[in-house]
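When you get a sec, could you build the whole thing from the sequences and use the hints?
What follows is each chain in one-letter form.
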Amino acid sequence: MPKVTFIEHSGKEHTIEAAAGVTVMEAAVKNNVPGIDADCGGACACATCHVFVDADWLAKTGKAGSMEESMLDFAEGVTELSRLSCQISMSADLDGLVVRLPASQH
Amino acid sequence: MADLPETVVIIGGGQAGAQAAMSLRQGGFAGPITMVCDEAVPPYQRPPLSKAYLAGTMGLDRLMFRDGDAWAAESVTLKLNCSVASIDRAAKSVTLTDGETLSYGALIIATGSRVRNITCPGADLKGVHYLRTVRDVGTLQADFAEGKRLVVVGCGYIGLEVAAVAIKQGLHVTALEAADRVLARVTSAEISNFYQDVHRAAGVDLRVSVKVEGFEGEGSVTGVRLADGTLIPADLILVGVGILPNQELAAEAGIICTNGIVVDDNARTSDPSVFAIGDCAFRPLALYDRTGRLESVHNAIEQGKLAVAAILGLPAPALDTPWFWSDQYDLKLQTAGLFNGATKVVIRGSIEDRKFAAFHLDADNRILAVDAINAAPEFLAGKQIIGRKGRVAPEVLADTSVSMKQIAAQTA
Numbered sequence: 190m191p192k193v194t195f196i197e198h199s200g201k202e203h204t205i206e207a208a209a210g211v212t213v214m215e216a217a218v219k220n221n222v223p224g225i226d227a228d229c230g231g232a233c234a235c236a237t238c239h240v241f242v243d244a245d246w247l248a249k250t251g252k253a254g255s256m257e258e259s260m261l262d263f264a265e266g267v268t269e270l271s272r273l274s275c276q277i278s279m280s281a282d283l284d285g286l287v288v289r290l291p292a293s294q295h
Numbered sequence: 275m276a277d278l279p280e281t282v283v284i285i286g287g288g289q290a291g292a293q294a295a296m297s298l299r300q301g302g303f304a305g306p307i308t309m310v311c312d313e314a315v316p317p318y319q320r321p322p323l324s325k326a327y328l329a330g331t332m333g334l335d336r337l338m339f340r341d342g343d344a345w346a347a348e349s350v351t352l353k354l355n356c357s358v359a360s361i362d363r364a365a366k367s368v369t370l371t372d373g374e375t376l377s378y379g380a381l382i383i384a385t386g387s388r389v390r391n392i393t394c395p396g397a398d399l400k401g402v403h404y405l406r407t408v409r410d411v412g413t414l415q416a417d418f419a420e421g422k423r424l425v426v427v428g429c430g431y432i433g434l435e436v437a438a439v440a441i442k443q444g445l446h447v448t449a450l451e452a453a454d455r456v457l458a459r460v461t462s463a464e465i466s467n468f469y470q471d472v473h474r475a476a477g478v479d480l481r482v483s484v485k486v487e488g489f490e491g492e493g494s495v496t497g498v499r500l501a502d503g504t505l506i507p508a509d510l511i512l513v514g515v516g517i518l519p520n521q522e523l524a525a526e527a528g529i530i531c532t533n534g535i536v537v538d539d540n541a542r543t544s545d546p547s548v549f550a551i552g553d554c555a556f557r558p559l560a561l562y563d564r565t566g567r568l569e570s571v572h573n574a575i576e577q578g579k580l581a582v583a584a585i586l587g588l589p590a591p592a593l594d595t596p597w598f599w600s601d602q603y604d605l606k607l608q609t610a611g612l613f614n615g616a617t618k619v620v621i622r623g624s625i626e627d628r629k630f631a632a633f634h635l636d637a638d639n640r641i642l643a644v645d646a647i648n649a650a651p652e653f654l655a656g657k658q659i660i661g662r663k664g665r666v667a668p669e670v671l672a673d674t675s676v677s678m679k680q681i682a683a684q685t686a
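Residue numbers (the numbering used here), protein chains in the order written: chain V, 190 to 295; chain X, 275 to 686.
No wet-lab data here; the hints were simulated from the structure.
Watch out, some of these pointers could steer you wrong.
[What the hints assert, rightly or not] Beta-carbon label-pair distances, calculated as ranges:
1) V/268 / X/348: 31 to 37 Å
2) V/268 / X/675: 23 to 29 Å
3) V/201 / X/588: 16 to 22 Å
4) X/500 / V/249: 30 to 36 Å
5) X/591 / V/201: 15 to 21 Å
6) V/194 / X/591: 25 to 31 Å
7) X/683 / V/292: 20 to 26 Å
8) X/331 / V/199: 32 to 38 Å
9) X/479 / V/282: 43 to 49 Å
[Claimed, not checked] Okay, the calculated bits of chain V under chain X, using three or more residues with CB under 8 Å as the criterion:
10) 218 to 231
11) 234 to 243
12) 248 to 261
[What the hints assert, rightly or not] Derived lysine to any residue pairs resembling SDA-like cross-links, with alpha carbons at most 20 Å apart:
13) V/219 / X/336
14) X/606 / V/261
15) X/618 / X/642
Small disclaimer: the values here were computed from a predicted structure and weren't measured.
Note that CB positions come from ideal geometry on N, CA and C, so glycine has one too.
What follows is the structure, given as C-alpha cells:
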C-alpha cells in the first residue's frame with residue numbers, strides 16, 4: 190500500500206499506509222495525525238487541511254485547482270507548495286509522499 | 275494543573291462525540307474513554323448522507339471518521355447499538371439500557387438531535403421517509419429509482435439536497451414548503467429565490483406557502499393531500515421539517531435545559547463534571563451577544579474541543595465564526611455567520627452566472643453573515659470580517675473590482 194509521511198510543525202513524523210484513492214487528508218484524520226483538522230470532511234468547504242507538499246513531490250501531486258486555489262488564498266502562510274490535502278488522492282505514483290503541516294489551520 | 279478525571283464517558287457517537295474522543299487522545303489523556311453510540315456503525319460524518327452518500331458516490335468506509343478497529347487501537351471503547359438509560363450525578367455514573375453501569379470522572383453528553391416527526395394523517399404509511407442516519411438512507415435508497423415520484427415535504431437544506439440528488443437520478447420531484455420561501459429559517463429572500471429558481475430550472479415542481487393535509491394510501495403511500503384539496507401522486511415521501519435536541523436524559527438528571535442543554539463558554543453544563551456538545555447544546559454565541567443552538571459540523575467540532583480543553587485543563591481554543599455548507603447540483607454554498615437581525619442584503623458578483631455572495635448587514639453595516647455560492651473568497655474573507663465584527667460599506671462590498679482580500683485587509 191502507498192505510504193505518506195506527515196511532518197508536524199514540531200518536527201514529529203507520522204508515516205501511514207493509505208490505499209489508492211484515499212485522500213491525504215483522510216489518511217491523516219483516520220490515523221489521528223494532529224495538525225489536519227479537515228472540519229468539512231473533504232468537501233473543499235473549509236480550508237482546514239492545508240499542507241506543504243515536499244518540493245520533490247510537487248510534480249507528481251500537481252498544483253491546486255481553481256476552487257482549491259481560491260480557498261488556499263486565505264490560509265495562513267501559503268507558499269507555492271501549499272495544497273489542501275483533501276484534494277490529493279493517494280496512488281502508487283505517490284508512494285513515499287512527504288507533506289509538512291502548518292503551525293495552525295485557523 | 276487541573277484535577278484530571280480518571281475516566282471519560284461520551285454519550286453519543288456523532289461528529290461532536292467523535293471529536294471529543296479524538297481531542298482527548300490528541301490532548302494526552304491516557305485514561306479509559308467509553309463512547310456510547312445508539313447506532314449500529316462506528317462514528318461517521320452526517321453531512322454526506324443527503325449528498326454523495328445518498329447519490330451512491332461515497333461509501334460507508336469513507337463516511338466513517340476512523341476505521342472500525344482504529345478506535346480500539348486508541349483505547350476508545352465503542353458501545354454500539356447501545357443507549358444510556360439514566361445519569362446518576364451523585365454517584366457519577368451512567369446506566370446503559372442493557373443494565374451495565376459506567377463510572378465517569380467527566381461526562382460528555384453528545385446526544386445530538388432527532389428528526390421532528392410529522393403528525394398528519396398517513397404519517398406512518400410505508401414509503402414515508404426521514405433522513406438522519408445511514409440506516410435512514412438505506413431505506414430511502416431502496417425506494418429511489420428512476421421514474422419514481424418523490425414528494426419532499428419541507429424545503430430546508432435536507433429537503434433541497436435530497437431533491438437535487440433525486441432529480442439527477444431521474445426521479446420526478448415535487449417539493450413542498452409551508453413558509454412563503456425555501457430556507458426561510460436560515461437565510462434571506464435573495465438566497466431563497468435563487469435556490470427556488472435553480473430547483474425549478476432543474477425540473478423540480480417546487481411549491482411554497484402550501485399546507486399538507488395528510489398522506490394517502492393503503493399500507494403504502496400513494497399521494498400527498500394539500501389543504502386546498504389538491505392531490506399530488508407520490509411513490510415515496512421525504513420529510514425534512516427540522517430536528518429536536520436530545521436533551522431528555524440531561525433534563526431527567528436535573529441538568530438545566532431550555533431549547534437544548536444549557537452550557538457555558540467551556541461547554542460545561544450546570545453540573546461541573548458534565549459537558550454537553552453539538553446539536554443538543556444551548557450555548558453562548560459570543561459574536562452575537564446571545565445564546566442559542568447551532569446545528570452544524572462547525573459547532574460539533576468547536577464544542578468538542580472546548581469541552582476537552584476544559585476537562586484537561588488546557589487553554590480553550592479560539593472560537594470560530596459559525597459556518598456551514600450545502601452542495602446542490604453543481605453549486606457549492608458556503609455560509610458564515612448567523613443572519614438573524616440583518617436589515618440589508620448586499621449582492622456581490624453575478625446571480626445569473628451562479629457565482630455570487632449575499633452579505634447580510636445590520637443597520638450599522640456590520641456584516642452578520644455571508645452566503646457564498648461558488649465564491650470561496652467571499653466566504654473566507656467574509657468569515658474573517660464577521661469574526662472581528664467588521665463593518666463594510668455596501669457599495670464597497672458590491673464592487674468586484676476590489677478583491678475580497680483587500681476588503682478584509684481594510685476592515686479593522
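Each hint tested on the structure:
no.	hint	in the structure
1	V/268 / X/348: 31 to 37 Å	33 Å, holds
2	V/268 / X/675: 23 to 29 Å	27 Å, holds
3	V/201 / X/588: 16 to 22 Å	18 Å, holds
4	X/500 / V/249: 30 to 36 Å	57 Å, violated
5	X/591 / V/201: 15 to 21 Å	20 Å, holds
6	V/194 / X/591: 25 to 31 Å	26 Å, holds
7	X/683 / V/292: 20 to 26 Å	21 Å, holds
8	X/331 / V/199: 32 to 38 Å	37 Å, holds
9	X/479 / V/282: 43 to 49 Å	47 Å, holds
10	218 to 231	holds (count 9)
11	234 to 243	holds (count 3)
12	248 to 261	holds (count 3)
13	V/219 / X/336	10 Å, holds
14	X/606 / V/261	16 Å, holds
15	X/618 / X/642	10 Å, holds
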